[in-house]
Structures are given as structure tokens and as C-alpha cells.
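Each chain, letter by letter, is given below.
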Amino acid sequence: MKILISLLILSTILAGCIQKEIVDDVNLETGAAYDYTDGKIRGTALVPVYLSDKTVENKTFSSSSNLSRDFLRDVQRQSSDPLVSGSLKVVLFGERLAKEKGILDLIDSFQRDPSIGARLYLAVTEGDSKAVINGSYGERGNAIYLSNLIRHNMNSKDVPKTDLQRFLFDFNQKGKTPYLPRIKKLNKKAVEISGLSFFRYGHVVDTIPPDKMFYFKLLVDKYSKGTLKVNLGKDAAAIESIRSNYKMNLVSRKPLKVNIRIKVKAILNEYSGIRVTPKKIKMIEKKLEEEIEVECLKLTKRFQSKNIDPVGFGHFIKSKTRKFNYSKWEADYRYLKMNVQADVTITESGVID
Amino acid sequence: MEPLIPEKAKISPFLVFFLVHTMQFGIGILGFQRLIALTAGYDAWISVIIAGLSIHVILWMMYRILDTVNGDIMSANSYVFGKKVGRLITLPYVLYFLCVALTTLRTFIEVVQVWMFQDMSTFWYAFAFCVLAIYIIFGGFRIVTGIAFFGVVLPSYLIFTFFFTFPYADLRNLLPVFDHSIKDLVKAAYQMSLTYLGYEVLLFFYPFIKDPQKSKKWAHFGVFFTTILYTAITIITFSYFSEGQLQKNIWATLTIWKVVEMPFVERFEYIGIANWNIVILPNLCIALWCGSRILKRAVHLKQKYGVLLLTTIVLITINFFKTREQINTLISYTGKISFFLNYVYIPLLFILVLIVKKVKK
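Heads up: the protein sequence lines correspond to chains A and B, in order.
For any residue, its number in the working numbering is found by taking its place in the first sequence, counting from 1, and adding 6.
For any residue, its number in the working numbering is found by taking its place in the second sequence, counting from 1, and adding 6.
So that you can see chain B by itself, here it is in the shape it has in the complex (with noise of 0.2 Å):
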């Protein structure tokens, strides 16, 4: 029924953290304060900490889904709709991860065009990225979630960076807490959704962990250190921008960043973009990966030839999105998109299986 993974391309439990973090960790960090902030103010905080918590909700169901199925979307979709339509049903993951490389790689290079290369040419470093990203996946899952690791733990020490504001942080901005209704609270926390997204690659490599029971708490783990890691840089931004300013920036993080000053480098962007580089590398890879991996599911495409198609796909397509405005309509809709995928369609995946698994019985 499955096809069998071989126990060689399989992964250890605890590397699931990584996956998932990373994955959720990309280029929303660098600039979703202010959006957040314009709805619920400098309350905000409490709505990143909201949006976290109902993320191990969405865990929960999604483990429960796929150790009922013991397999990953595309077997739980087939359990529920049949196998016609669970392909079909399946398919616009595709479309979906498309979206997540698409925007991850042309933010990130809009971010390099704003703040250090102007005149850089967004089709060739895609290029170059994508045929990186290429060459990974073809190495197989196994090193892709190397990369992931690598992804977590090289660029780590950029959180020390954020201790050069506490110089200039006034608290007092945070205060009074509680100013703002449940309701932008609970609206912010929707805003946050394209900013966390990425824990679902977790309903695709689900079949290559090796012991899935024991990476439930690593996955749990991954996306607590994410809410963690947020919110400490939520409440580090609001303390070091006022209100108004704040607004100004698109950026935030990165502005944070004009102020660290140390004696062998004045500007530290420079250091801490170049550094982006292996953070956006694993979103790109797991995105690719995922994209493939239910072509070769649902279509039987060979992966190798799926990855290259999807890879095509980016890279023509990338070139439309030329204006801030443009890509600020990509990252909106890729955020509602998986706001539907997480929120909407997992909860309904679930309960669906829970039927099922009644009726079959």
C-alpha cells in the first residue's frame, strides 16, 4: 500500500526540530512587527504568544492524523476521499509550496536589492540559489535535513545581536498591557500566521522520520522555540522603536540592526544578510522538496525531474514580481493560503479521519 522508505534515507527523532523550526524561521522574522503592531498595537506581543500556542493545537491533529494513517497527506487524503481524489485533493500542495519558494526567494532578494545591492539582477542569484537548492535535494531527504541543521545552528549567534539595543529599549512602550480588545489581539494573531507557517512540511516527511513517536516532542519543541524566539523579538522591537517609528520600517529586524556597532565592523546588515543566505537555504530546499515529493506521490513523477520543473516554475515566475507592491500582495496571499491549509483544512482532515477510522471499523 505505502511504499516502504528505506530505513538508510530515514531520519533521527530529534532532527524533526530542526526541520520545523527552520522551516518556520525565514523571512518573516525580518519585518512582521510592524503589521502586527498596526492592528493590535504595542500589545501585539500577546497575539504572537496566541498564535504559537494554537500552532501545537494544529501539531497535535496533524500527529494524530498521520499515526492513524501512518503515512503522510497524500495517504490520509486517500483514506478519507479514496485514492482518486486524495491524489487530487493532494495536488495543490504543489501550488502551495511553489508559493512559500517563491516568496521566500524573492523577499530575500528584495531585502539584498534594498539594502545592499541596488542593481543586483533577481534572476540570476535566483538562479544561482535555485540550482544550490537543486543540487541538495538530489543528495535526498536525508541531506536536505542537513542542511535544515545547519540552518538552525550557524546562523544561532545572530540573537546575540539583538543585546545591542537594550541600551536604548524603554519597557515603558509595552505599557499599559492589555490596552487594545480580544479582537485585534485575536486579529494580529491571524497576521502572524504567514510569519509561522512551515510547520506542516511535517504532514510530507513524516514517513522518513524513524521513530515518528519520538519526534512528537521535538516537533512540539521546534515550533515552542519559534514562539519563543519571536516573542523575544517582538518585545526587543517594541521596546527599541516608538510606536510611529516602528511603522516606518519595513524591516524592523533589520533596522535593529543599523545599531549594532562593533570595532571591526561598522555596519552589521552586511554581515547579517550575507548570514540570511543559510537561513533561506533549508525554507527554499524543504519547499522544493515537499513540492516534488507529492509530484512523485500523485503523479508518479520522478522526483529528480519534478524538482527541476518546480525549480523552472520559480524562476520564470519570479521575474514578475518587480515592485514592493508586488511582493507585498505575494506574501499576503501566500499567508492566507496557509492560514486556510492550517487552520481550515487540517482541523477538517482531522475530524474526517476520526470518522473514517469509526466507519472502517
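Chain A extracted, bound-state conformation (with noise of 0.2 Å):
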């Protein structure tokens, strides 16, 4: 028994000699920055350094290299405590690189690292993504400033969720194609979600303005909120949308015809005439559906006609068809006939009428 009992007390310590990863002594990446220049990927880290009066610095590592997280290697000489990615919030692409190069090789290395969570925020930035990194946001350093922006405003405003999980599903599932959110820098110390940028291939080949981002969500979110805007003649209504749902139908096979029914529950936000009245409503309603319709068939067709498929046509189609044909399927997406259909419910109009 004392045998054993030694046994077991030794191998516990021998057992414990592995590399320490202790919150004070390493260097906890919370952001990241691609770019591609003169041909080679250039990455920064974003690391926080918190300071003794409460404040945060946002120091950067930078480096150039052939492969996107070899970087890291390079940045480790310029660090003083090893640099560790447990913690990456936020990656930003430039846009350079993720229209030319692709950002495929690197969206391979977060896949890859055990480390990294699958609620990673990526993002497309216009221009330089490693200015937009380098500016000074909030108190609470850069990374968690941006990935708090690209959260609220994929959780209760206009900006259709995605992050590591989702652009990977989308990415290998067949039949749809991701996208990510795009952020400008404004100022020193400010930046924007500016748009919606559409993958093929890991390639930026489309990209939409903010107004058109709520239309796309009806058609790829469920229980999406966001804000709507309509002008009826002289007065205009804004309205917030509680929650939405849409349905996909196979109407027909051939030629291949898809019915989206999009019904919105939404409350009156405001409104610039005198006096809401049922009928206004019913007006506003209206005009609301007339507009979803007519903005998300134009989505549907631009993306057509791009050859991209981020509301997932086919796989949608292949869910509803037995030994489906991808490579036909590619052929035949071209040709493919949609028709949107909303439906908008104003429940509320606010304290008053």
C-alpha cells in the first residue's frame, strides 16, 4: 500500500511537467489583421497590454510571410512573453487579399488550432486591415471593441449572423456560399459596418451596401431583427422588426421555381405624420411588403447573375431532391426562377397612437 501510494503521489508530479500557459506571463492574441502586399501575406496580432492606471494599449506585432500563421513565428522574436491565440476575438481580412489571394489558407489555420473558438468574428475591411486595427476604439482595448460592434449588430440590428462556425458551415456546405460583414474606419477613433461582402472560393466577388443588409437577412436569418425605413408620399415610417421567418418552397421542378415567404413581425418606431390610424398601418404594411419583395428578388437575382448562392438555393433544393446533382445543379442555378413573397405584421405603434 505505501508502495502504491508513493506510486501514485510521484507519477501526479511527473505527470505535471508540461509547458505552463499562466494568463500573466504570455501574450493572449485578441485580434488579428491580414493583408496581402508585395506577395506576401502580411499579419499583425493585436495584443492588449493592460496598463497600471486601467487603461488599455493596444500594442501590434507585425510580419510578413508565405503562410498565414507562420507569422506568428516571426512575431514571437518581437514579443517579450510567448504570444498564445487562446483568446482571438476578432480577424480582420484586408481587401486586397481577400479579393485576390483568397482567404482560404487562412481560414484553414483556425480550423486547424485546437485553441481557437468557433465563435470567431471575421470581418473583410476596406482597405488596409491592419490600419483598421491599428486605431484606438473604447476602453477596453481594440479586439473586444470590434467584436462587441460585429455582435450587437448581428444580434438585435440589421447584420446577418455569421461568424467562424457559420462561414465554415456555409463554406463546405454544397449548394451555398458564405459571406462576412465589412468594417470601415472612419476616424482615428471610430469605425463602421459599412456592408456585406459574398464569397466564392474564398474570394470576395460581391459586396452590398448596409441599407441592402436587412433584406438579406429576412432571407437567411430567422428571428432577425433589424430597422426598416418606408416613405408613404409625404410622411415616412420607420419601423423594428421583432422577428421574422422565412419559408423556402419548391414550387416546381422544371423549370426549377422557388417561393420565399417571408413574414415579419415588426413594431412602428416612428412616425412623421399626425396621427396613426388603422388604416395607416394597414398602408404601411403594405407598402413595407411591397418593399421587401421587390429589394430581396434584386438581391436574389444579383447574386444569380454573380454565380453565388449565400441563401443556399441549392441546398435547399438538395434537401427536397433524392441522388441531387451538384455539378448540374451548378448549371442549372442560372436559370433558376424565384419569387418573394412578404408578409408584415405591425403589431404595436409605441405609447402612442
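Source of the hints: derived by calculation from the structure; they are not laboratory data.
You may find that some hints are simply not true.
[Stated by the list, open to error] Okay, the calculated beta carbon distance ranges per label pair:
id: 1; chain 1: A; residue 1: D44; chain 2: B; residue 2: I319; range: 36 to 46 Å
id: 2; chain 1: B; residue 1: T335; chain 2: A; residue 2: L110; range: 53 to 63 Å
id: 3; chain 1: A; residue 1: K260; chain 2: B; residue 2: L59; range: 36 to 46 Å
id: 4; chain 1: A; residue 1: Q82; chain 2: B; residue 2: P269; range: 27 to 37 Å
id: 5; chain 1: B; residue 1: F326; chain 2: A; residue 2: D44; range: 24 to 34 Å
id: 6; chain 1: A; residue 1: R83; chain 2: B; residue 2: P173; range: 34 to 44 Å
id: 7; chain 1: B; residue 1: F326; chain 2: A; residue 2: E27; range: 28 to 38 Å
id: 8; chain 1: A; residue 1: K292; chain 2: B; residue 2: P173; range: 48 to 58 Å
id: 9; chain 1: B; residue 1: K254; chain 2: A; residue 2: S258; range: 29 to 39 Å
No residue lacks a Cβ here, since even glycine has one placed at the ideal position from N, Cα and C.
The task is to assemble the complex, starting from two chains supplied on their own in separate frames and drawing on the hints.
Written out as C-alpha cells, the structure is:
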């Protein structure tokens, strides 16, 4: 028994001889930015440095290399403590990189690394991503600012939900293509989400402006919240969607025709007219329905002409077809007919009428 | 004829549920989804159910065999083949349980090495684990059963972590149902056999059950529970990953944990994998216990020495498996052996026992 106990103690001690990572002794990489310059990928790692007066300094390390995560090795030579990527929150891709080089190699390394979470936010920047990550936003560091910015816009505003998991899901799903939000630097202390970029094989092929984002969100997200504005002659109204749902229906196979039914439950936020009457509400609803139908159809037509499928029509038709042939679908996609049917219900008009 | 097991060393019938379930639920769960999806696509969840149902038939046969001979598998073998041959035929089970112990331990250490500590020593970790297992087995079968009980109850909260995938789930992935041929489905069910293995331990601890007749429903319930869990996890995985994405992930279940985010813990895998120690521990203990039990019954080696011998072999051989490929080969061989033992040998023995019973009458 004595031998057993001493063995137990010995083995516990010996098995503990491994690399330690103590929070105070490492540099936590919370954000990363990638650019394509001079035929190489330039990576920038963002490390928050917590100062004694409770402020956060945004320290960045940059290095160029051919392999994506390889830059970390070079960056290690600039960093006093080992850089670890366990709490990576946001990754930005420069416009040139996303358009010309593609982001697939980079995505691979995020997928491979066990320490990187699935809720990592990805975004494309307008211009250089290094410039964006080098600003100074908020008081809790850039990475937290940027990830909170993206999160709240996805959860309760117009930006369609996407993160590393959703990006990989869409990318690896046959009959669906991924999309990412775009971030634009306004000045040294401010950024904004300036649209949505659509990918094909890791390259950005199309971008939509922010005012179209909500229509796209209605097509891909269930329970999407967001805001819409309508003009009724001389009056204008702003509504906020509380929840929405979409349902696709395969109407006919020859020719392929898909009907999308979008249901929106909303409240009236603002109205420039004098009084909201039930009749007016009906009018606003009608107008909104028209607008959603027109805009969504426009978007889907646009995707078709660019040969991308972020809505996932291919995947939807696959789920309705036995022995689905993807290569045939790729040729057929151009001829797919779509119809959008919207159903808007305004339930409340605030505390006044 | 049979060595009598003292009443105080026996276990209550309902504990069979934990023994059977914990032995089934081990290392396979971490990454079985990819393999079955490769053969049967996203219809593979049907295969999971098929494989689970087939076990009930095997389990029924096992109980019939054991009821007839009123002993363990060694008694059954002696009953059919005579004493000497019976012993000889039971001995390969020692090798099988060695394989099971080795696979469980090595795969788990691999998971720890890939997901948490790259430079962790295989040997020393295995050593620590084995010392713990020896300690438990020295306590007797009732202690092993107790560990099995905790191995099910303590980590059971992990089920809730899978709820985090619901916002990401797209059940349309599973449609259209039955898009694959029956042949593919059966093939995938065959591949499930490694994941489901473990219920055969019943053949060895049967004499230790207080009222074996009453344990039947608990054993079936244990298998049924495993089937339900596996089916649920398969469906969750299939709705969370797109097909191409799943094929890239070796440990799909662990990858799911990457999405779990709580205010107090950023990466849940670390807690999950650490907890998995408790899931693995009874597996190792039961496997080693069964192996040493056969040694005791067949060659009259004291169980104490049997356990020490088996762990020594495990500790030596575990060092030979270094890369993912080697480990994968080990896993697939263990799966094949288990399939042979459960789906070929047991039915054969079942028929033989029935015949011999008729003849002896």
C-alpha cells in the first residue's frame, strides 16, 4: 500500500511536467489582421496591454510571410512573452487579400488550431486591415470593441449572423456560399460596419451596401431583428422588426422555381405623420411588403448573375431532391426562378398612436 | 463446479445499467460521426439506431447463454467444448481486453495531447492513470462498479453543453431522409460497432450480480440509453456541421464544444476533456478487471498479479503508438475484433449452448 501511494504521488508530480501557460506570463492575441502586400501575407497580431491606470494599450506586432499562421513565429521574436492565440476574438482581412489572394489558407489554420473558438468573428475591411486594427477604439481594447460592435449588430440589428463556425458551415456546404461583414475605418477613433461581402472559393466577388443588409438578413436568418424605413408619399415611417421567419417552397422542378415566404412581425418606431390609424398601419404594412419583395428579389437576382448562392438555394433544393446532382445544379442555378412573398404585421405602435 | 462468489462481493441488479452503459460510452463518442457519415452520408443516424437495436438481440443471446450455464463465459465455453478447450478458447479475451484498455487510454491521451498539452508524455500520463486503475481494481468488483456509477453520473451534465449548438443547427442537413442505399446504411452500422462496444463485459461479471434475472431489464435499458444518446449526438452533429465540414474534423464532438461560451469560461473543451477522465476511468478499470478475471479463471493466476501483468503490458505497448495513423490502425483493429466477438462468436456460442443443452438432457 505504501508503495502504491508513493507511486501515485510520484506519477502525479511527473505527469505535471508540461508547458505552463499562465495568463500573466503570456501575450494574449485577441485580434489579428491580414493583408496582401508585395506578394506576401502580412499578419498583424493585436495584443492588449493592461496598464496600471486601468486603461488598455493596443499593441500590435506585424510580420510578413508566405504561410498564414507562420507570421506568429516571426512575431514571437518581437514579443517579450510568448504569444498565444487562445482568446482570439476577431480577425480582419484586408480588401486586397480577400479579393486577390483569397482567405482560404488562413481559414484553414483557424480551423486546425484547437485553441481557437468557433465564435470567432471574421470581417473584411475596406482598405488595409492593419490600419483598422491599429486605431484606438473604446476603452477595453480594439479587439473587444470590434467584436462587440459586430456582435450587437448581428444579434439585434441589420447585420446577418456570421462567425467562424457559420462561415465554415456555409463554405463546406454544397449549394451555399459564405459572407462576411465589412468594416470601414472612419477616423482614428471610429469604425463602422459598411456592408456585406460575398465569397466564392474564398474570394470576395460581390459587396452590398448597409441599406440592403436587412433584406438579405430576412432571407438567411430566422428571428432577425433590424430596422426598416418606408416613405408614404410625404410621410415617412420607421419600423423595427421583432422577429421574422422565412420559408422556402419548391414550386416546380421544371423549370426550377422557388417561392420564399417572409413573415415579419414588427413595431412602429417613428412616424412623421400626424396620427397613426389602423388604416395607416395597413398602408405601411402594404408598402413594406412591396419593398421587401422587390428588394429581396433584386438581391437574389444579383447573386444569380454573380454566380454565388449565399441564400443557399442549392442546399435547399438538395434537401428536397433524392440523388441530387451538384454539377448539374451549378449549371441550372442561372435559370432558377424565384418569387418572394412578404407578410408584414405591425403589432404595436409604441406608447402613443 | 463454479467458484462461488460470496454474497457480499455481489452487486445489485440495477448497477448493471451503469456497468454496461459506461463501458459503451467512452472514447468512440468523441469522433465517430465522421466515419459513419463517410459511408452513409447524413442518413447515418439511421445506422446508429440500427446498430443500437442489433445489440439488444446480442444481449438477449448473452443472457440466454449465461442463464443456461449459470456462470460466466468461461463456464459457457467449458459447457460446450469441455474444460481444457473451454479455457483455451476464453484466453483470447485477455488479448481483446488488453486492446480495449490500450485503445481507450491511448486515444484519450492523444486527445489531451492534441487539444490541450502538446508536450505531455504518453507514458507518464498512462502510468498515473494505470496506478489509479490498479488501486481501484484491488478494491474488488464492487469498487469498480462504484467507479462505473460515478463515471456515468458525474459527467452527465455534459449533455447540456450540446444545447449550445441549437442556434447554429440546420436540420435541413438531414433531408432528404433515405437518400442512401440500404447497403450503405448497414455498412455504416457495422462501423458503429467500435463506438458501441463494451456491453460484452456482461459475459464476465454475470456471476457477480445478485439476482441475475432482475438485471436483464437494466442491461437492456443501459444499451437503450446509449443508443438514445448516440442518436441524439449524431443528429446534433449533423445539423451543426455541413457535410464537407464534418469530414475535416477528427473529433467532431470536441469541435462542438468550441462553440460553448460561458461568462466564466471561454474555451469549454478544457473542462470537457478534463471531465472525460472520469468517463475513461471506469472503461479502463472494467477492461483490466475483465482481463485479469479471465486470467484467474483460465490459468489460476491471482487477480492481483493478473492486473499488474496486464497494466505492465499496456504501459509498455502504449509507447509504440506515436502518430495519428498508428492510433487509427489500433482503433480500427479493436473495432474489428469486437465486431467478430460480438456478432459472430456470441451467436455461434448461443447456438452451440442450445444444442449441447438438448444433447445433455
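Hints, verified against the model:
1. A:D44 to B:I319: 36 to 46 Å: Check failed, 58 Å falls outside 36 to 46 Å.
2. B:T335 to A:L110: 53 to 63 Å: violated (31 Å)
3. A:K260 to B:L59: 36 to 46 Å: Since K260 (chain A) and L59 (chain B) have Cβ atoms about 40 Å apart, the given range 36 to 46 Å holds.
4. A:Q82 to B:P269: 27 to 37 Å: Since the Cβ atoms of Q82 (chain A) and P269 (chain B) sit about 31 Å apart, the hinted range of 27 to 37 Å holds.
5. B:F326 to A:D44: 24 to 34 Å: violated (48 Å)
6. A:R83 to B:P173: 34 to 44 Å: With Cβ atoms ~41 Å apart, the hint holds.
7. B:F326 to A:E27: 28 to 38 Å: holds (30 Å)
8. A:K292 to B:P173: 48 to 58 Å: violated (32 Å)
9. B:K254 to A:S258: 29 to 39 Å: holds (36 Å)
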